[in-house]
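Novice: These protein sequence lines are chains A, B, C and D, in that order.
Read in order, the letters of the first sequence correspond to residues 1 to 337 in UniProt numbering.
Read in order, the letters of the second sequence correspond to residues 1 to 337 in UniProt numbering.
Read in order, the letters of the third sequence correspond to residues 1 to 323 in UniProt numbering.
Read in order, the letters of the fourth sequence correspond to residues 1 to 323 in UniProt numbering.
Hints are computed from structural coordinates only; laboratory data are not their basis.
Be aware that one or more of the hints could be misleading.
[Said to hold, decoys possible] Coverage of chain B stretches by chain C, computed from C-beta distances (three or more under 8 Å per stretch; other residues unrestricted): (1) 25-33; (2) 300-311; (3) 315-323.
Yeah, the Cβ is synthetic: ideal placement off N, Cα and C, and Gly gets one too.
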Amino acid sequence: MPQMTMREAINHAMRLEMRRDPEVILIGEDVAGGRGCPVDDVEAAGGVMGVTAGLFNEFGEARVIDTPITESAIMGAAAGAALTGMRPIAELMFADFFGVCFDQLYNQAAKFRYMFGGQQGAAMVVRTMIGAGMGSGPQHSQAIYPIFAHIPGLKVVLPSCAYDAKGLLIQSIRDNDPVIFCEHKMLYGDKDEVPEESYQIPLGQARVVREGSDVTVVALGRMVKLAVEAAEALEEKGISTAVIDPRTISPLDVDTILDSVEETGRVVVVDEATPMCSMASEIASMIVSDGFSSLRAPVKKVTAPHTPVPASPVLEAEYAPTAARISAAIESVYAYR
Amino acid sequence: MPQMTMREAINHAMRLEMRRDPEVILIGEDVAGGRGCPVDDVEAAGGVMGVTAGLFNEFGEARVIDTPITESAIMGAAAGAALTGMRPIAELMFADFFGVCFDQLYNQAAKFRYMFGGQQGAAMVVRTMIGAGMGSGPQHSQAIYPIFAHIPGLKVVLPSCAYDAKGLLIQSIRDNDPVIFCEHKMLYGDKDEVPEESYQIPLGQARVVREGSDVTVVALGRMVKLAVEAAEALEEKGISTAVIDPRTISPLDVDTILDSVEETGRVVVVDEATPMCSMASEIASMIVSDGFSSLRAPVKKVTAPHTPVPASPVLEAEYAPTAARISAAIESVYAYR
Amino acid sequence: MDFSEQELKTAYRTMRHMRNFDEIGRREFMAGTLPGFMHMYCGEEAIGAGVCAHLSDEDYIASTHRGHGHCIAKGCAIEDMALEIFCRQDGLCHGKGGSMHIADLKKGMLGANAIVGGSAPLAVGAALTAKTRGTDKVSIAFIGDGASNQGTVFEAMNLAVVLKLPAIFVYENNGYAEMTGVDYHCGSGDIAARAGAFGMPAHKVDGTDYFAVYEAMAEATQHARSGKGPVSIECIAPRWYGHFEGDPQSYRTKEEIADLEKNRDPILLFRDRVIAETGLTQSDFDAIDAESLEHVEKAMAAAKAAPQPEPADLLTDVYEVYD
Amino acid sequence: MDFSEQELKTAYRTMRHMRNFDEIGRREFMAGTLPGFMHMYCGEEAIGAGVCAHLSDEDYIASTHRGHGHCIAKGCAIEDMALEIFCRQDGLCHGKGGSMHIADLKKGMLGANAIVGGSAPLAVGAALTAKTRGTDKVSIAFIGDGASNQGTVFEAMNLAVVLKLPAIFVYENNGYAEMTGVDYHCGSGDIAARAGAFGMPAHKVDGTDYFAVYEAMAEATQHARSGKGPVSIECIAPRWYGHFEGDPQSYRTKEEIADLEKNRDPILLFRDRVIAETGLTQSDFDAIDAESLEHVEKAMAAAKAAPQPEPADLLTDVYEVYD
Ligand SMILES: Cc1ncc(C[n+]2csc(CCOP(=O)(O)OP(=O)(O)O)c2C)c(N)n1
Ligand SMILES: Cc1ncc(C[n+]2csc(CCOP(=O)(O)OP(=O)(O)O)c2C)c(N)n1
Ligand SMILES: [Mg+2]
Ligand SMILES: [Mg+2]
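Put together the whole structure using the sequences plus the hints.
Specialist: Structure, rendered in structure tokens:
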């Protein structure tokens, strides 16, 4: 099986779906790259991170659409196109920018199906970049997905590896509801075995990344690999740690988490987002409501602090959870009596 | 002590602060009402709900500023004015509209103090209307405050009665950080004893609305009176229920909640917002993390469902928690063994 | 006059339906039987009618909170609309949308919208569908004078120009955004000129004159359908009622309103001109009036008596599948 | 020429500082010592310098992601800026803001801004402060050609016109929004005309010509300071480098860039003209060049060697009080 980076896997998923279905279009800022510029026959740069590279050259300007800087119009255009039968993929370059355009997603696209009495939903995907780690500062580094997960009518996907990213994106494009697909900028370069052919991963199915019987760690996005690192290190100390990657946070695969908690009774939730009203809180509260009888220790949340993301790389390194902090949390719930 | 509605209490708080401090200004859509219209000497209508009635007549157009329909510019103007030393109160007519303007609050005002290294914060208040119950439909009825609470740098206030509304709003106006002040549209008419004079209620201090030793109910906003109703009814059945109103959800008064949980070991959280990544989840997760050793039953969340707010009054009545649903939850955690 | 009698009667009936729908709706609202808000379209009927006269079910419109007239003009059944404003189970949106969210996708009616400026980007999206599919369909955004200041609307215009989409921006300048006058809230005071500066043809017409709207829209659709890009039309037609029912309108004079009713009633203006210029007579129009009144009254009465949604409906249609 | 030698030298020094700051910053960025993004202002120096020449510390500016030049022109100390782009503890924002968030409130510099279009509403807010307090201060928003399409910017212009605020919208049309050309992304292609349609005076000038910018800004400030409301100025000045360092610029030709460096260097153009028209000589300017280079190199070297923030700083200054 070929090795692909997550960047390539995402590119590949779009390419396959655009070949398969002429109603799939891609719209966003610089998704082609170079429109209106003196050099005409430019190889499509495919965005600041190169994730959509080459799609313009294969599918042309009718289906790979560069836009002005106009997020509300991009999201609205995608929503309106979806409402009239297309399957747009809209790019929100950095998820941090949702604040200028969220109405078109949360009040419009997310509510169509419900407020129109089931006539039609918005079969659209918003691909967007999240996360700290690149020194991009307070307005380009946030893990803002709890806000998306809060909204009824949206689905929210958070892949942690290239293999999942491809299967989840293909599924998201075929899904008939609006999906926010959150790509962590620090994972684009991560490699994985990824099949050339098309495959789908259902939304709402967690992946048990690692079995374990002492402690359950639920980790999201970039946190998954840190959790695995922590779990492996603790193996030596005789602590058997399960790591669960929900992969989609809305819908959330509650059963897989509760099954593990039933066995372990001890839980750590790891989330890069800031803590208040976060997925870490959501998962912890779900467990204390539906898995209480199994619980043998406090549920520990390992998250970013309730602060903006600092620009300084030195401070940024303190900001997001680390394997060391995850280990400490696992040990503390393990030791709880 | 005079009786005032929450509408009057809020109006009164602004009036007192505007008299006291010339740097306090009010800006928003129709906060005066009637600008640019043929009738010149109109009594200021004070918005669709009349909450700012008369302020224009007392303070004039330089301080009570009608705007076009332009929420981003309103929030940005308030943030920019605050950054340069004023104390603006900006009105976001319905909180549901945050989606067209949130960037100016969450990426700008909320982050100034931090990203500018402490030079200056935005001493501004955003007054906004929340909640279901008026048949206003999916885009005018939401209780969207969990999104505000998620954001570091914002403070979020949620008064449940006229007395609190006045004291909390005066405090919010004097606070040096951006405060989102959420007014429930179904509470505007509720009356309370409210002193004529000025008083402040600190942010981050819950109110124990009702003492009780068997079950702790944490209820937010309009839910507080329903929780009290439920608690009173259960008194007859011999269940002693404490009701806590956090009053501000960011900062959250964790201690008052944990103190009560230590006594009762049984908790119900009542929140009108939709459940995922909500304050109900936040409070439940805080308790399972920091109050686990006291807990004797699952924490029950009584919330709206994960759906938009339906227009139909019949369905809307099913949407928000009721005293009956709260009672049932209290009884179930009480009975848990 | 370049219209068949049939066309003229249809246009008149459409406007009369609009008027009756809102007047009867208002009566019900004041009686407390109608939930939510009630935004009257009276005085603006010629806009919706003149615009939609050029559209088929395959063309799209995206509407506003003041959307009943647009729905009627686009061909939504009065019965289904009445059921929806009463939030009944068999309404167009099964009672979940209500007055501010009526949608009828089979008719190309993409929804009223309770977010001011919310529909302009959506209309651009529908225009993108038309262009991508290579059809000659057009997509119309209705936009209030107040909404014309919203960032979403400016962005929608710019994107339509950049992508040369078959979108038509119809500004309904009815003089007010809630209680705030257009002379105050609109920077230049000239909505059409602002639209024109985005690089598209911009018309400005008397929105109480059906024929003026019709003509402008004829040009606009021809332009848009032939791939030349978007167009805007500002239609000036003051509203007769308050922003919504319950607005005491202390900000305007009774004389202003009386004058409108007397001199700028789009329905009367239409009728008078058609009688003057064609073979149609007072009694032709009286017949339509009577028929329309009966039709709308019946639809409203039926809707009022129709069953409410079931509690279980609360949880349906949030997603197609979610688990 | 209506400038004192002192004024001319100051203007030149400001532009030379900008150039050196970004060129040296770029060198450091490529060496991997500078975190975050690096957006070069080269080619656009005359805009920031010409605009800020009219401002005191009590006037306000709100800037963009490409904000180093604006900061320098508004009087921020090079040393403190250097510390901030290296994210050091003693930087203007104690390292928490970095290049895209430099702010210096004592100097009326309200922050660079990493949200495109984010600063225009903020500048309007500062103008509101000036008006409410009855001062004659003005507030400037710097806005890129790409940002000119953002809804927030249109809204900011409209609100400034409606409230007659002393705001000046300075458009820096440098030809590109990231990789997308202005001819493509801007509907009408005419940013100034679009601004003018909002009902304010709208100038368009060669942004590589310090004197042209200076003149337009003289008029603009006079207008705004005297209570007549906002003004806009579109300054055309193509950028020399990519969007940020790392952009391979496959979308433009090497010839275009070479031509800019040769014929449209705002610093050279200034120097040549001043030498031709005044008593200042090559060696006057050479002296400033040398002095500036030393100054900036020293500031950068000091910054690079300065202490990092302490881990505990992560948690401070989120709120004034929070409990
Ligand atoms: C984003 C947003 N802001 C404010 C409102 C509240 N609101 C509803 S209608 C209205 C006035 C709209 O004026 P206009 O666009 O002229 O339409 P008209 O009501 O005159 O038809 C306002 C301010 C809203 N629904 N959405
Ligand atoms: C709201 C928002 N959208 C997109 C971006 C990403 N972005 C950063 S700079 C830029 C281009 C800005 O172009 P322009 O306004 O012309 O400024 P320039 O870079 O040319 O100075 C873009 C798209 C952003 N930071 N914020
Ligand atoms: Mg209007
Ligand atoms: Mg540019």
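Novice: Taking the hints in turn, state whether each one holds.
Specialist: Hint by hint, here is what the structure shows:
Look at the stretch 25-33 of chain B against chain C: 3 of its residues bring a Cβ nearer than 8 Å to a Cβ of that chain, three or more, so the hint holds. Coverage of a stretch by a chain is defined here by at least three residues with a beta carbon nearer than 8 Å to that chain's beta carbons; for the stretch 300-311 of chain B and chain C the count is 6, and the condition holds. Residue count for the stretch 315-323 of chain B with a Cβ under 8 Å from a Cβ of chain C: 3. That meets the three needed, and the coverage hint holds.
Every hint from the earlier list agrees with this structure, and none is contradicted.
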